[in-house]
Every structure is written in C-alpha cells, then in structure tokens.
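Enquirer: Starting from the known structure of chain V, arrange chain D on it as the hints suggest.
In order, the protein sequences belong to chains V and D.
Each residue of the first sequence is one higher than the one before, starting from 695 at the first, in the numbering used here.
Each residue of the second sequence is one higher than the one before, starting from 695 at the first, in the numbering used here.
Keep in mind the hints are simulated off the structure, nothing from the lab.
On a predicted model such as this, the values are computed, not experimentally measured, just so you know.
There could be a bad hint or two in this list.
Note that identical chains are pooled: a pair holds if it fits in a single copy or bridges any two copies.
To be verified - Straight line, CA to CA, 25 angstroms or less: simulated SDA-like cross-link-like pairs of lysine to any residue:
(1) K1194 / T949
(2) K1098 / R899
(3) K1275 / A1124
(4) K1194 / R1031
(5) K1255 / C1242
(6) K1148 / M1273
Next come the chains, spelled out residue by residue.
2 protein chains.
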Amino acid sequence: MTLFDLVIGKPLPTTEERAEHIGPISGIPVFGLDALSSAAYGPEAALTLLIPLGFAGIEQIVPITLAIIGLLAIVFFSYRQTIDAYPNGGGSYTVASENLGEQAGLLAAAALMIDYILNAAVGIAAGVGALVSAIPRLQPHTLGLCLAILLILTLINMRGIKDAGSAFLIPTYLFVGTLLLVIIVGAVRAIAAGGHPTPIVAPPRLPASASMLTLWLLAKVFASGCTAMTGVEAVSNGVTAFREPTQKNAKRTLTIIIVLLMIFLAGIALLCRAYGIGATDPTGSGYQSILSQLVSAVMGRGWFYYVTIASILAALALSANTSFADFPRLTRAVAQRDCLPHVFKIRGRRLLYSYGISALVGSTALLLIVFGGVTDRLIPLYAIGAFLAFTLSQAGMVMHWKRKGARRHMIINGVGAVATGITLLVVLVAKFTEGAWITAILVPALILSMRAIKRHYDRVTCEVNIDRPLSIENLAEPLVIVPLDRWSRITEKGLRFAMKLSDHIQAVHVDAEDSCEEIKQIWQRDVAVPLTRSGTPVPELVILPSPCRYVLPPLVDYVLKVEHDHPECQIAVLIPELMVKHWWQTPLHNQRAQLLKLLLLWRGNRRIIVINIPWYL
Amino acid sequence: MTLFDLVIGKPLPTTEERAEHIGPISGIPVFGLDALSSAAYGPEAALTLLIPLGFAGIEQIVPITLAIIGLLAIVFFSYRQTIDAYPNGGGSYTVASENLGEQAGLLAAAALMIDYILNAAVGIAAGVGALVSAIPRLQPHTLGLCLAILLILTLINMRGIKDAGSAFLIPTYLFVGTLLLVIIVGAVRAIAAGGHPTPIVAPPRLPASASMLTLWLLAKVFASGCTAMTGVEAVSNGVTAFREPTQKNAKRTLTIIIVLLMIFLAGIALLCRAYGIGATDPTGSGYQSILSQLVSAVMGRGWFYYVTIASILAALALSANTSFADFPRLTRAVAQRDCLPHVFKIRGRRLLYSYGISALVGSTALLLIVFGGVTDRLIPLYAIGAFLAFTLSQAGMVMHWKRKGARRHMIINGVGAVATGITLLVVLVAKFTEGAWITAILVPALILSMRAIKRHYDRVTCEVNIDRPLSIENLAEPLVIVPLDRWSRITEKGLRFAMKLSDHIQAVHVDAEDSCEEIKQIWQRDVAVPLTRSGTPVPELVILPSPCRYVLPPLVDYVLKVEHDHPECQIAVLIPELMVKHWWQTPLHNQRAQLLKLLLLWRGNRRIIVINIPWYL
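With the rest of the complex left out, here is chain V (with noise of 0.2 angstroms):
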C-alpha cells in the first residue's frame, strides 16, 4: 500500500459501484449542507437590507419569509416530480436540454457550472470568514485558509462519494441538532411569555426607522432572502448516487433537506421579531450575525453558544462539499452529449469522475486567489446561476407535464418557474454593477466554447466512424526510410528491422559534415556486398547535400518529396533513438529523434509514419 493508497484510497473496481452508493444519512452530509447552510447567511441578507426600517423593518421579514418558504415548497414538490420523471438524475441541465431544446439545455449547464464553482468558492471563503471574524489574528491568513480548507475537501472527495458522506456526518448533524435546540427552546420561551419573552443577552438595539418600505426594496429583499434557496437542486442531480430504492431514497433525502431547511428560515424570521433581532451593519464595528444574536439571546453566552457558532463555521465550510458532489455529475452529463471534453466522461480510480474534481478545483483555487478569499466580493456573482437554473428547470418541468398532460403539476411548475424568473429578474437588476456582469458574460463564452466543442467532436465522429468492413484491398508492402547518421549497432537494428518490413528500403544520410565518401565506403562494405552475395535486395543509399549543415529540415523535405513521388504507397521513417538510463544523461545526446518525430507529425500526412526503435544503453 503506497502513500499514495493511503491518502486517496485504495482503487475501486467497477463491481463495486453499488457499494459505493448512499443512503439518506449520507445523503444529506453530500447533497444537504449547500442549502441547510445556506439558512446562515439569507435572513441575513435580508435583513440587512431592511436595517434604514428600523425596528419596523423586523416586522416585515416574518410575511417575506413565509413567501420564500412558499417558493421553496413549490420548487420542492417541482423536484420530487424530477426526481420520479428522471430517475438517472435529473439536474436543470437533463430537464432542459430535453424539454426546452439543447440552447435552453447549454444555458442551464453554463449556469449551474458557475453556481456550483461559486458556491464552493463562497461556501468556503464565508466559513473562513466568520472564523476570521471570531479570531482577528488570523485575518492575513484569509486566502491561505481558504486554500487549506479546499486542498482538504478536495483530499476527501477523492477517496469517493461514501467517504465523504461519513466525513462530513458530525459536523452536518452538530449544526442541524444545535440550530433545531436553539428554535425550539426560543419557541418554547416566547410562547410561554406570551409572545414578548426576555432574551438572555440582549440584541444590539435597532435604530430608529430612517426611510419608508417601498416595492423595490421589497423585491430586493425578498430577492437576497432566496440566497437561501440555493443548493436545493442538488439532490435531483445526484440521483444516481442513492442506493435501491434509489428513487425513494433521493426523494426521502430531499424531503428532510427542505423540511428542515423551511424550519430553520420559519424559526429564525419568528424569533427575530419575537426578540427584537435586526441585522447590523457588516461593516460597522459593533457588527453581530442574526445567528450569533439569536442563540445568545435563546441560550446565553455559554459553551453551547461557541458549539453552536463552530459548527455554523463549519457548516458553511463544508456546504463547498455539495459542489463537489454534484459539478463532476453535471460535467459528464454534459460531456456525454459531446459539449464538454470527453475526459469528464471517465470514471477514475475511485469510481469518480476526476477530472471533474480537478477542473471544480482548479477553478475555485482560481476565484478564491483572483477575490482574494473575500466572501462579500464573490456574492453579488452567485445567485444568478443558481435562480437561472432553477427557472429553465421549472420551465423544462412545465413542457414535460403539458406534453404528458398533467395539468395540475403543469401549473405547480408554472407558478415556480415565474416566481424563480422574476427572482432572477431582480437580482440581475439589483446585482448588476456589484459582480453579477461578469457571470452574464462568463454564461454566453461558456455555452459558445461547448457549441465549439460539440461542433468539433461531430466533425471527428464524422470523419472517423466506418459503417463498412475492413478494406483488405491495396496491402503494397511501404516504402521505408531509414535515416543514417553513421554505421553503428543502432542503425543496423533499424535497417534490419526495415528488410522485415519491406523490400523497398532508402537509407538517408545527411551530409552536414563532409562525411559523404567515408558514408559510401562503409555502406559498400558493410551493407552493399554481404547482401548481394546472399541475394537479398540491396537498400537504396540517399546523400543529401547540407550545405548550411542543417540536417533535419533537408530530411522532412526529402520524406515529403518521396510521399509525393509514391502517391501509390505509404512512407514509413524509422526513427532509432537512444534512450538513457538516468535522466541527467540525456543533454549528453542529441535529441534530434524527438525532434524529427515531432517535425514529420507535425508537417507530414496520414501516409507517413513514424516508427520508433529504441536502443537502450
């Protein structure tokens, strides 16, 4: 077992792909924690716009949030009807590209591509956020701990979907028992207080309403609070991943997700107004998150609170791992239909596909290092993928049912799909100059970049698929050239593998150093005589002239003038090369057999080849 064994795993053969399959306590570690945590940071973001309220501001997140709870269950009932129309994972993209066309399909796959990048880019850079918040000292570190935590679940998800499952378990499960305790204590209070209880540790005091509540601000509120709707389109994505009965299993997981998740967005929008809780500016100093308010305010400043707040931390670190889970699975899909590089199709050694990983990876690293690991510079570009997304699924659903005919569900999807594009609507508006641009520019080069590769790759298949048997006509032994430098050992393996090939044989020497005569005399003696007396066809010896003591160009362009003079043949240059024992050997030969490999591939035709005999010392 090698290190390297025994960091990734040891490999998985195929058969063992049912082994590898989850259930609902894995699943929702896997599928859950991008939109369990995401109940971290959208009341926030709501609120946060509601602060010029004031104190009135508290009263109105109560009704948008029961809208948001509302759009989530309509989004939801529209997924469990994925789940059960595409049993092989039916993401945005699936639903898309079959019920709306494969335009309306490349969106969906270019959107849900950047969400999900972003998405593990701001999952971890708000984990190392609010940890930075909570230990100052550690703030010129930002973008190192970014790194770590990505380099980190990026080792883990290698070792395979069910490693990760059980990786994650304690941290997913500590938040969801922490926040569930938290709410149903702080419930328990008010209603015992008759609906006014005492907190604890009193929330910072609300400011004194400063502007009037208007439709716009009530759009962009409700438009921020539906960041916590993100990540719920995972589960029907990742679909295949459930073990048997696979469809219940994903349905079962999806189901606690959202009703979890609608418990902690009801919760936190009714303990808020009932303590008093309002968001304060992120970039004041007295700044405190709702959740950091909410428990201290039900709980107190106790060891519970520092529990509960670590794993909100590691919650939002680990909702990364969602991305992880489901943009290899998107890849493929995409890939599958030739939009994307074949490689996403191929399933590495634990039974993932890895090269989806490692673009995943290679792409966040790449947005963590270019914002610097700062989360508030990455949210305005997130969002957008995910709400596009959603509305060209919920559109795909709607075309699915009419064409099925069930009119009832058609208009479930029907009703999403308008509250999901409005939605994204408004945060395009209000998102624009902030970031969102760049993601409305990346969407159109990504779906013209996979239009340029599926063009490509019909092309290929056009030219290299055969519909007919082999062609056994036209088996003319080739004519082979076999470039000479000097008699040695090394070119008597050549010339004697070339008389095994072929009868018409030209040994080419370039005369870059006045060697010409001295070339003749051995190729007579050596090579000329023994044949003929035996009475095997003599090899051809070809001189050419180098007076500028070049001696690859002049060869190429003797194999291309000899491929033009034999339009009847095929041409193959047989290229000895040296191969060292030790690499620090190499300088001390020339390397003009790669270079000439590379010269006759690069300028040649498909009538010549290259025939590699290597001479090891």
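Expert: Okay, now just chain D, sitting in the frame of chain V:
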C-alpha cells in the same frame, strides 16, 4: 528574409568558412579587448592596496609594474611559441592535455571555463558599474543594464565572428587611441617639466603614510596588479579564427595587443608617479578612478575627458566579448575529447558553436543575477582561473620543449610557470575568504562532471560501435500488437498497416467499460468474416479485463508478457494517434497514445518497437 534572419543574419554555408576569417584589424577587438581593458582595473587594484602607504606608495608602483611587464613579456614569448607549436588553436587546455596528461588538461579546461564566464560577468559589471558611478540615478537598474548588455553582446556574436569584429572596431580603437594620446601628451609634458609637471586638474591629495611596506603587502599588490594580465591567452586559443597566413596573423595580433598593454601599464605607472596620482578609497564618497584622475591631470576636464571616459566604459563592457570568442572554441575542443556534451561540437547557422554561446550566456546571466551585477563581489572569484590556466599552459610548454630539447625555450616557459604559479598561490590565499573558495569548489566539481561525461561516452561508444558487416540472419516478421479502442477508420488504418508488415497480428482491447461483447461482434462481422472469405490470415482479438478501469497499465503489462513469451521475435506496438488541427483542440482528445508511447519506451526493452500511425483531422 525573416525577422530572425535580419537580427541574427542569414545561415552561412560551410563553404564560406574561409570568408568568415579575420585579420589583425578585427582580431584586436575580438581577442584583445579583454587584455587591453585590463589596463583600466589592474593598476587601480594594485594602487588601492597601496593607499595606506600614502605618497610613499606611489613610488612603489613603478617597480611593481615593471615586474608585471616582465612577467607579461615571458607570457608573451611563451604564447608566441604556443601559436607556432599548435597552429590549430593551442589554448591552455590543448597544451596541458597534450604535454601534462588528460587530468591536467581537464584542470585547465575547468579553470578556463570558469575564467571566461567570470570575465564576461566582470567585464559587463565593471562597465555598468563605471556608468552607474557617472550617472548615479541609473543605480537601481544595475542588474537590468548588465543583462541588457549581455543580450546585445549575444545578438551581435550570434551573427558570427566577422560581424562581431566589425561592430567592436570603433569602440576598441577609440579606447586605444585616446589612452595612447593621454600617455603621450602626459609623457611629453612630464619630460618638458623635468619630471614634475603641473596637473591641469589636480588629483585629490594623498593621505599621510599610515603603515610600512611589508613583503606580504608587496606580494598582494603584485598579485592584484596581475589582474591586468587576464585575457592574454585569448589569441593562442583562437588561432583558427584568423585568415591565411593563419599563424602569422595570430602572432601579429598577439604582438600588437601585448605591446599596447605594456605601453598602457608602463605609461599609467610612470604618469601616476610623475603627477602624484594615487588610488582613492572605492567605498568612500570622494572616489575617483586612477584613469579619471590621470586624464583630468593631463588633458583637463573638457570634451576629451568625457570621450576618453566613455571609451573606457565601452571597452570594459565589450571586453566580455573575448569570452564569446573563446569559450565556445574551448567547449568544442573539450567536447571533441568526449568530456562535454557533443552538442558543443555542432556549428550553428552562422558557423559558430551556438551551444557554447548559449552555455556562456546562461552561466553569465546566472552569475550576474546571483551577485546582483556588482563587480566587487565578482572580482575575488576571478583571476584564479586565469592564473591556473597560465601556469598549466606554461608548464605544458616546458614539457613540450623538453621533449624537443629546446633548452632556451624551456627556460623562458619555466620562469613563466614559476612566476604565474606563485602569483596563483598569492591570489588564492589573499582572496580565499572573499569568494575565491567558490572557484576552488567549482573547479573540482567541473572536473568530476567532465570525467563522468567521458566515462558515459566511452561506454556508449563501446556498446554502439560495430566492426562487422550487416547481419542478415533471422529476419522473421515481427509480432504486431494493435491496441483497439473501438472500430473506426483510425483503427482500420492501423490494422491495414499491421497487415502490410506481418501475418502475426494481435488486436488488443482493454475492457474498461464493459464494451467487450460489442467489440467481439463487430470484430467478427467487420474483420474476421471478410478476411476469412478472402483467405487472408485473421488477426487474433485479445480482450484484457480491467476491473479498476485502468486502460494503459494492463496494455503495457500485456505487451511485456508477449515479449517475454516470444523470445525469438520483435514486438511492434502500433499506436494510432489523432492529430488535431489547432492546439486548443488537444484537451478534447485523450492523450493515451502519447502516454502509451512514453510508457512503452520507458518500461520496454530492445525488442519492443513503437509504430506511430498519425490520423490527421
């Protein structure tokens, strides 16, 4: 004519070799700048050590300079004799290896290589240093200026030795002319004033004597002054660069260079005493070089002063050029004896040993970067190499004359050998801690490398050389293995080529994705049936299981197994390879063909041959 041709010059045919040869006029800039420009720092280095003696020190400079000139005369006669004895270029390397044995030759080669690289670095750094002390605001760009001059020198030298000689004509003769004029005018005035002329601009006052003259100080002053002798051996090393009559032209060039250098050294020493010019502290603020004081004293600070100083700067910077002329010739001579990679023997498009130039430029750039382009840090490494080479060369000539029985010549060279040997010891001891230890480590390291290279080449020659005619026994057809991914035009082309080569063909399919049955069916239908019908032997289809979905390892293992099972025949592995039209299409296709080639070359052995069938899209 491409841009490349315009910068570097058109390729020169070997037949134009004679036309590229030079006479004394171009020979002085090419081979003499190093020696001549030493006059700018040799006396300065000696006088700097005499600062503590105050005015009394200046008195000592004349006898010491006379001693140096005496040594120079010995070396001069010695090298004249060397040119006669070695008309094909008799650098220290040739003389030492032919007369003192291979080990002494390698010692000389290592010393000279280091010396030439240091000469290039010191010359450039000294020129830039002088420029920077004239224009202090260029100070931060020291390293950049050094590298820029190195680049310009490289480009000029890449055009060939003749063009380099022409390019340096004007700066060289300007330097020689102005310095000669200063010495003549100064001497005339001094004689006219009865030995005590009045300086036009008075030099800085000399400090009072602070210490006594010791023998050790005298030795150190002599050793420092000897840096004026570096570069003297350049001509004897480059004899072949001169036009017919070769030896006569070379000797004439050497004579002119040495006579000029002697006049410079003697003139500077005498005028310094006459005008009372001593060195100033180079680390102090009022620093002014000896030559600057001398020119001011004799000619005043008019335009002539600035022209002279500028020509000194140019000569210093261009003195690096001697390394460009000699280093490649040296590495070529060493490579001819198999002690350096053979690429150093190849003459490039302009009849130069381009690899030698590249090695020189690379090492010089590295040295300049490591030492930040500061002359003072480089100087201690210098001179050791030069004097080691002098000593070995003179000792070699002693053996040469001894064998010929030429007693008088033997005595001249013997005196030279002893004198340069003592100087070498003094330099080594005096400068050991200042950096000479680096040279003292590098020389043995280089010698060990060269011996290892020699051993390697000897072994290869022994393995590869052949002293018998072509063997024509056992020309059995090879066993051809064709990896088969799926049935396509590319596979068909490969199979057809295999059928041209041999009747023993195995098509090998690695079953990584459960496509085994499909392949078998297609094989039966499209290959086996038509071949059987036409009576051609049917290739064998081999299916390799691969539970962990690896493709290449089972294939390579299988090839090695087949090779092991068929000890009597060669195995040809036929690798069809897709050639894309544009580089960006590369990631769209898997690079297994490339990898397989590498793996087979790396793990394979002499009986495994790789045949590359390109398929151009």
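Enquirer: Could you tell me which of the hints above the structure violates, numbers in ascending order?
Expert: 1, 2, 3 and 4
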